[in-house]
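J.: Residue numbers (my numbering), protein chains in the order written: chain A, 1 to 291; chain B, 292 to 612; chain C, 613 to 886.
Source of the hints: derived by calculation from the structure; they are not laboratory data. Careful: at least some of the hints might be erroneous.
Here's a subset of chain B near chain C, in silico, CB distances under 7 Å, partners left out [stated by the list, open to error]: (1) R478; (2) L488; (3) L492; (4) S495; (5) I498.
These numbers were taken from a predicted model, which means no experiment stands behind them. C-beta: ideal position from N, C-alpha, C; glycine also.
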Amino acid sequence: MDITFLIQLLLNGVVVGLFYGLVAVGLSLIFGVLEIVNFAHGDFYMLGAMLAFFSGMYLQFDYFISIAVVIIVSVFIGYLLYQILIVKLKNRSFEQSILLTIGVSMVIQNGSLYLWTATPKMLSNLYSYKVLEFANLTLPMLRAIASIVTIITFSVIFWIFYFTRLGKAMRGISQNRDAALMVGIDPVRIGLYAVIIGVTLSGLAGAVLAPIYTVHPTMGFAFIFKAFAIIIIGGLGNISGTVFAALVLGIVESFVGGIFQLALVDAIAFIFMSIVLLVKPEGIWGRGVRV
Amino acid sequence: MVYESKFKISLLALILLLCISPYFFHSEYYFTLGITVCTFAVLSAGLNLLYGYIGLLSFAQVAFFGIGAYTSAILVTQNSWTIWTALPIAGIFTGIVGAFVGYTSLKLSRHAFAIVTLSFSLLCTIIAREWISLTRGSMGIPGLPAPTINIPSLETIVLDRPNYLYPVFLIYTVLALFLFYRLGVSRIGRALKAIKLDEPLASSQGINVLSHKILAIVVSAVLSGMVGGLFVFHLTIVDPSIFDFYYTESMLIMVIIGGPGSYWGVLCASILFSVIPDLLRFSSDLRMVAYGVLLIISVLILPNGVAGFLRNRNNKRWKIH
Amino acid sequence: MENSLITSIEKNSKILKINNLEMSYQGVKAVDNVSFNVTQGSITGLIGPNGSGKSTLIDCITGFLKPQAGTWFINNAELTGLPPHHYSLAGISRTFQSTKAFGELSLLESLLIAGQSHDEVTFYKSFFGGNKLQIADLEAKRRALELLEQVNLLKYADAPADILSYGQRKLLALSSTMMTKPFLVILDEPVAGVNQTTVRRIEAIIKKLNESGVTFLIVEHNMEFIMNLCSRVLVLQSGKIIADDEPNVVRQNPLVMSAYLGSAQSKANNKHEP
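The following block holds chain A by itself, in its conformation from the complex:
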């Protein structure tokens, strides 16, 4: 087993990990600030991908413009979602918030199935089918670009989260809601921003990954399971923990799949999650929100 092969596996794993992270971060943020598990997260991801598909296919927008369009639309959708539905959940139990988002998910997913059928759609652009090669390693160009976009997105998110007042307020609420309320942080306003950012991130992920994976109404559902596992492993509400957990998962899956060729690669996320829950339930990178 030569070193190049291992490095290739590592590279593949990091790339997939970045993508997992992009999908999972929005979920973690919304949970951290609002203590709501947004079940419809995968469906906003799917809507982002759908919009990117249609902009690419019918409006001939290129990759980056599609992403920009999706971001703008997602901000708007996040705003509506919060003002119309989520804000009404103020004093409700956690279970009711899951039920609400399940309802939203059912509407979006099945509505999409009705409108666009389950047939997977393939989106290609300038960068598809091109492969980068260096030092005996290969990386499809599309994935390379998507990875860069992902890293830029993470940088923006980290900047917001760690260097702005908004981010500080969000971290405050995630870690200790009561204390945050006492120092005058307005949960309604911060919640709104959290939902807008969270929904935008999932839509963005959809647009970024649309040309890489096939686009169809239930595409989000497959990712949701791993996203849940990742946010538990990384620590519910802990953004950096989520990103690290996503990278680790991507890398481990890549190695296990490459070296052992196990069919149960998908179960790795669940296994990790179970181990973390048994040993350190607040997540490896610890307390975002108490588990």
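Keeping the supplied structure of chain A fixed, place chains B and C upon it in accordance with the hints.
T.: For chains B and C alone, kept in the frame of chain A given last:
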């Protein structure tokens, strides 16, 4: 509920009548519908026990349904058991899995509990698809033989049509629902409600919260597993789609609209929502969109379902201040 | 009310022994090396300024918090570190400072729940029914209605507990403790915020129960109430016991006065802050 003898007798007569009805009606349609109603009645009663009585939003119900289904199918096809011996074993096995899942996930917070039970169900789908040596993967296990009843020195009755399978479902469902009912009105059921309202208070009065929760999970698991083990003979095939989120979505609608914690509310809702899809023959996707909207409206306006709404109106008469 | 458990305990034995209890959270020592004993048949008061650790102490010995150190013995059996239901089954009842109740359940149901783990009906028997269950249920209902009558709440037996006033909830909580046939009852602020008539009523009930052998440990701020009932008062400040004596002696104790004045002083100081 009043246990007058007249009521009991007429109920038994009704059930008997329904059991022999296949000899009078030949249309398969109504019996297939009947089987669907029975199955969802049991599944939603199980979810109601956990979410309605105790407040545990468990997404593992569909996992138990599917595990019972697969166990039953495997025992019958690969080990040549009959349904009558496979079914109880499927129930027991599912119960053991339930105890294990319950014991490990109950130690977590409510958030993690919901996520873990959900992940468990999703994991079952993955295992069903990938563990090919056991489950034959995505193709599933087809060709399940129809159950037979061997009456010694008389004929062998083969239950190969929904008409003939229906009485078995009916009897099982009545027994299972009776068990759920008795559990709900017993001291255990009362304790479960107390746990939902105020767990520390219940605990301080001597109620072993963990035991009660695990008991409820195991009972739901066994009864859901067995109805899964039966259902699989109606489908004559078991494949990973038995773990589909569709079952969870349907159960949720029935429990939420009927009224979490209300035995009769959920039972009525389960009948209603099993029958409606067939009456309103529009696209199943649009139906699920409608269910989603119903769920959203229910959470925002009627969080305790129809039964809860009626109960609250009833309680208003006690307002003294 | 007969209680065979109580008569089997020898009078004047130490039914509750707490040794070296320590509980901290987030770096603050809420209970600091506390040890004391409670004699069977007595009414003991536990007082102290807000934040002195009284409720924390109660939560520790009834299983709601896990202390860092300490052991406690109930009726000479070590019952350290068990989950809450064990203490109830061992004969200790408690109420909560926040006056918990099962809001949506009726008063009668609330009392039946309180009592259900304490008769001879086991988990399994309670499901399969039978004669023994019916007899136990009837007896429980009889006791519950009797208790409701004693606190003048019989007419609300079938009403949801939500409708009760604050004072009535306190009475319900007190009645619930009796359903469990305890030999030691720990009350956490049983008369806080309650009107005078109800305070008197609660005092009378406690006195009467004490006469039949029930031991009480009462956390309270209402001095008159404590003086009228308790034969012994413990004073807690910042997690430590600073006095342990008869009520009259404690009242004159300068340490106790400065503990209360001290907290009153700092309250007054805070009021002057801009």
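J.: Would you mind marking each hint as holding or not holding in the structure?
T.: For each hint, the structure was consulted:
Because the closest C-beta pair between R478(B) and chain C is about 4 Å apart, less than 7 Å, the hint holds. Taking 7 Å as the C-beta contact cut-off toward chain C, the hint placing L488(B) at the interface holds, the least distance being around 5 Å. Of the supplied interface hints, the one on L492(B) holds, with its beta-carbon coming within about 4 Å of a beta-carbon of chain C, less than 7 Å. With its C-beta approaching chain C no nearer than about 5 Å, S495(B) sits inside the 7 Å limit, and its interface hint holds.
Checking I498(B) against chain C: minimum C-beta separation of about 6 Å stays under 7 Å; hint holds.
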